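Peer 1: Below, each chain spelled out in residue letters.
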Amino acid sequence: MSTNLDNFVGLSSALIGISAELLAPQIDPVGLPPIFLDYVTARIPPDVLNALLTQYATLAADHVPPDQIAEQILKFNMQPTIPDTVLAARSIMKLWLLGVWYQPFDRLPFKKDDSAVVSDQAYIHSWAWKIAQAHPMGYSESFFGYWNSTPPSLEDLTGVPANGQQGALS
Amino acid sequence: MSTEQAEVVIVGAGLAGSIIAYQLGMAGIDVLVLESGPEIPVNRAQYLERFYTATLKTPESPYPPSTTLDPHLTGPAKLNAPRATIADLLNDNWNKPAVSYLVQKGPLPFTSTYERVGGGTTWHWVGTCLRMVPNDFRLRSKYGVGVDWPIGYDDLQSAYCRAEAEIGVSANVADQAYLGMTFPEGYAFPMHSIPLSLVDGSFVAAVTGQTFDNLPLVVSPTPAGRNSQPYAGRRVCAGNTNCTPICPIQAKYDATVTMNKALATGKVRVLYRTVASKVTVGDDHNVSGIEFMQYQLEDGPKTGTGVAVAKRYVIAAHAIETPKLLLNSKTDVWSKGVANSSGQVGRSLADHPIYLAWGLMPEGKAIFPYRGPLSTAGIESLRDGAFRSDRAAWRIEIGNEGWNWPAGDPYTTVADFIDGTNVGKTNPSNKLLSGTALVRKLNDVFTRQFRVGFLVEQVEKDPDHSDSYIQPSTDNLTDGLGIVRPEIHYDLSDYTRKGFQQAKILATHIIEDLLGGTELTDIIGPGCFTYDGVPYSFQGAGHLMGTYRMGDDHTKSVVDKDQRSWDHKNLFLVGDGVFPSTGTSNPSLTIAALSFQAGDTLANDLRAVTMQVQSNKAWQGTGVQLNALVPRLARYVSGQWRASLEGGWVDGNGGSRHITYSSYTLPGAAEGALIGRVGDSGTPFLIGDLAQLPVDQHGELQLCINDDLTGQHGAGLTDNVGALTIRVEFGAL
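These protein sequences, in sequence, are chains G and H.
Each residue of the first sequence is one higher than the one before, starting from 115 at the first, in our numbering.
Each residue of the second sequence is one higher than the one before, starting from -1 at the first, in our numbering.
Don't take each hint at face value.
[As the list claims (entries may be wrong)] Not everything, but these chain H residues come out facing chain G in the computed CB check (under 10 angstroms):
#  : residue
1  : L71
2  : G73
3  : I192
4  : P193
5  : R232
6  : A236
7  : I244
8  : I247
9  : P371
10 : N398
11 : L430
12 : N441
13 : V443
14 : D649
Because the hints were derived from the structure by calculation, they are not lab data.
Bear in mind the structure is a predicted one, so any value in this text is a computation, not a measurement.
Just so you know, even glycine gets a beta-carbon here, dropped at the ideal spot from N, CA and C.
Work the whole structure out from these sequences, hints included.
Peer 2: Structure representation (structure tokens):
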């Protein structure tokens, strides 16, 4: 039976298109998933988080492809008020992509639009940079002159092939 | 009140202060540095952590003190050493002194910032080390605008070389010899050039062979104060794309490098969290002391007061804090403030206001930004030309950081495609994306982003009656120590604005016509103006200049060409506040070069050795120890001597007879010339009336007349008469 953490990683993976194996590798010295789950749990109501995780688990059990899971979770049929589950899901996406938590709605003591970098590791391992085929500003693991050469491909860095793949082959 | 004594007191532990402290320390002079901010940290881990966890990664984000973004801070009035920050400019707060440290009166906002910590603003400079071009020094005489400098490019040549060595500049001479810039024969920069980025490469391909204003568009590698090879014990650049706000590995030079060397001389000490509050002047018109206040916590109580007393004083506190201190020091006798008989202290506040333009490369043409140093190349070929009689010049910096500056990316674009917004203007149909489609779209946008910044020369309409200036707050607004804060008045002349107009035209031409891209340049405040009916916005470059300019005329300038106050002979004002005009080069290299010259002048004031060299004695010791780190000169001052009746009375250059006897001091040199050697067994060399002394030999400088030392061919030294007065100075030719 899947744990909340498994479902949180699976949900995150579907939402941002990066595989669960990359978000939560088997050997993971950084260990962001439990940190993120704890962080999110403290900031959105249990019913909202449970609804998201349950919805994900149900769709995954039905073998719905991840991209479609994401679309269903984020769907709100242009209602005038975006459901809290969708707002929370969007914040979870930004959390993984940017390392920043944007409070989606008021939940005291947290106010809507409050933002914070969860930790230095959350910034360093945020995915927007890899999607840019780059590195976090202020954290390069490359060597002098690398900027004069084509980077590894998007697929190498994220597992997702680009439109018209560009970048060095691995 | 405590009293601190030294031979030289320096206010400010930034680039200028550190270089001068180091030079003086090496000359054996006791130096005390007063630094308003906290000490240089043992390592940069704490600053890095502040940066990583800052939501808004502004240039000041790694550094203390807190900014208005910190919820606990109630405003600059509570801080003991506040500074101008980007945070102060957000949300239209630039002219709200409850938020902004600078008390801004407009009409335009002044949008450049600086740091008040040990090491100064070099903590967050990009590292650009361009020299000024020769015509930058003669703007008035060449183009009829602005102000000439009292010195020219050639006067700075050797100081530029010393600055490049101290900073550790990576560049190739062949790339930098443009618009009249020359280099000493055989000169090589300390390190080879930094490789161009893929972004740069796209510009090279697009603009090569093209012209603007009948001048060629040429992309040049930017000389950079970052290591392309291991240098001075520091690492090679790893392309962290983070020179501003902070280089994580110190591959980029900052002034802590030089300050740590200064401290290692054992002659320099620094008092941190020590804010200079008043310069006092004695009856003899010399500065008699600098009063200071001390604190421990950024918004805590004052913990001490004192006065620093010395023979010489140097204020190296940048173009805002230096005039603030001088003007806050006014008395009944010095009613306009210290060093201000010209009335020019605080006037002519300048920056390189930046015209920022950005766009996307064509579909499918990725150029992979967010990689490498923040900038590795620029278009420098338009920094000078006949157009300068009509409008401001600029240089074009090519950025490697995508839209991080203009749009706050990657944050903005990520949010746009998740929230269905179009803040960054790449999501006009307000798409909501997720999953792999989101990844692909973000990749497509991020890898095609670029930006260029035009650093525009700022020239006043009437340089003697500037529209841009700093003065003590007329509302008597103070900081946490009760020191009156700087009030800023800022405007851009039509000459400068016309530079923006031309920048905009060229930016659009490059982006749309030459690169084939899509321009997305927009107005981003708070710096906005209209010229000829067209709105423009400008960004601060962090290049604070003017406010205590150098000149030949004491009625129109604050310091002379040696950066010595016209009014107080023991006071020096250094840093880019002395720039009479801004040119278009990022100012740090010129600050460093001028600081070396000021350091020489100070060291010569206090430690130059003047002595008589007798004609009838062989080698005579000077007591001056030469080494590779302190460049020295020997200069003929006065007197004549005679080595032979035939040769007659001569000065240090000697006479017309050139004798090759081996018993002569320096066979083949002019008889009667002044000759030197290093140590008892050193190889003699010609000094004449002026010479740079060897830097590759260690030992005491000895001097002697060029004559038959042992009397093998006549009377030798016994018939010699006269003596020369010689000065052994600090400096480089």
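Peer 1: Would the hint on H:L71 be counted as holding, given a Cβ-Cβ threshold of 10 angstroms to chain G?
Peer 2: With a closest approach of 17 angstroms, the H:L71 hint is violated.
Peer 1: Would you settle whether the hint for H:I244 is holds or violated, based on the nearest Cβ-Cβ distance to chain G being less than 10 angstroms?
Peer 2: holds, 7 angstroms
Peer 1: Taking the least C-beta to C-beta distance, is H:P371 closer than 10 angstroms to chain G?
Peer 2: holds, 8 angstroms
Peer 1: Minimum Cβ distance from H:I247 to chain G below 10 angstroms?
Peer 2: Cβ of H:I247 sits 9 angstroms from chain G, so the hint holds.
Peer 1: Under the criterion of a CB-CB separation shorter than 10 angstroms, is H:V443 in contact with chain G as hinted?
Peer 2: holds, 9 angstroms
Peer 1: Is the shortest C-beta separation between H:A236 and chain G less than 10 angstroms?
Peer 2: holds, 5 angstroms
Peer 1: Is the shortest C-beta separation between H:G73 and chain G less than 10 angstroms?
Peer 2: With Cβ-Cβ at 21 angstroms, over 10 angstroms, it is violated.
Peer 1: Does H:D649 hold up as a contact with chain G if the rule is Cβ-Cβ below 10 angstroms?
Peer 2: With a closest approach of 53 angstroms, the H:D649 hint is violated.
Peer 1: Mind checking the CB of H:I192 against every CB in chain G and telling me if the closest is under 10 angstroms?
Peer 2: holds, 8 angstroms
Peer 1: Against chain G, run the beta carbon of H:R232 and see if the smallest gap drops under 10 angstroms.
Peer 2: Violated. Min distance 13 angstroms.
Peer 1: Quick check on the hint: H:N441 CB to chain G CB, less than 10 angstroms?
Peer 2: Constraint on H:N441 satisfied, holds at 5 angstroms.
Peer 1: Using 10 angstroms as the Cβ threshold, decide whether H:P193 counts as touching chain G.
Peer 2: Holds. Min distance 4 angstroms.
Violation of the numbered hints given earlier is confined to hints 1, 2, 5, 14; the remaining hints are satisfied by the structure.
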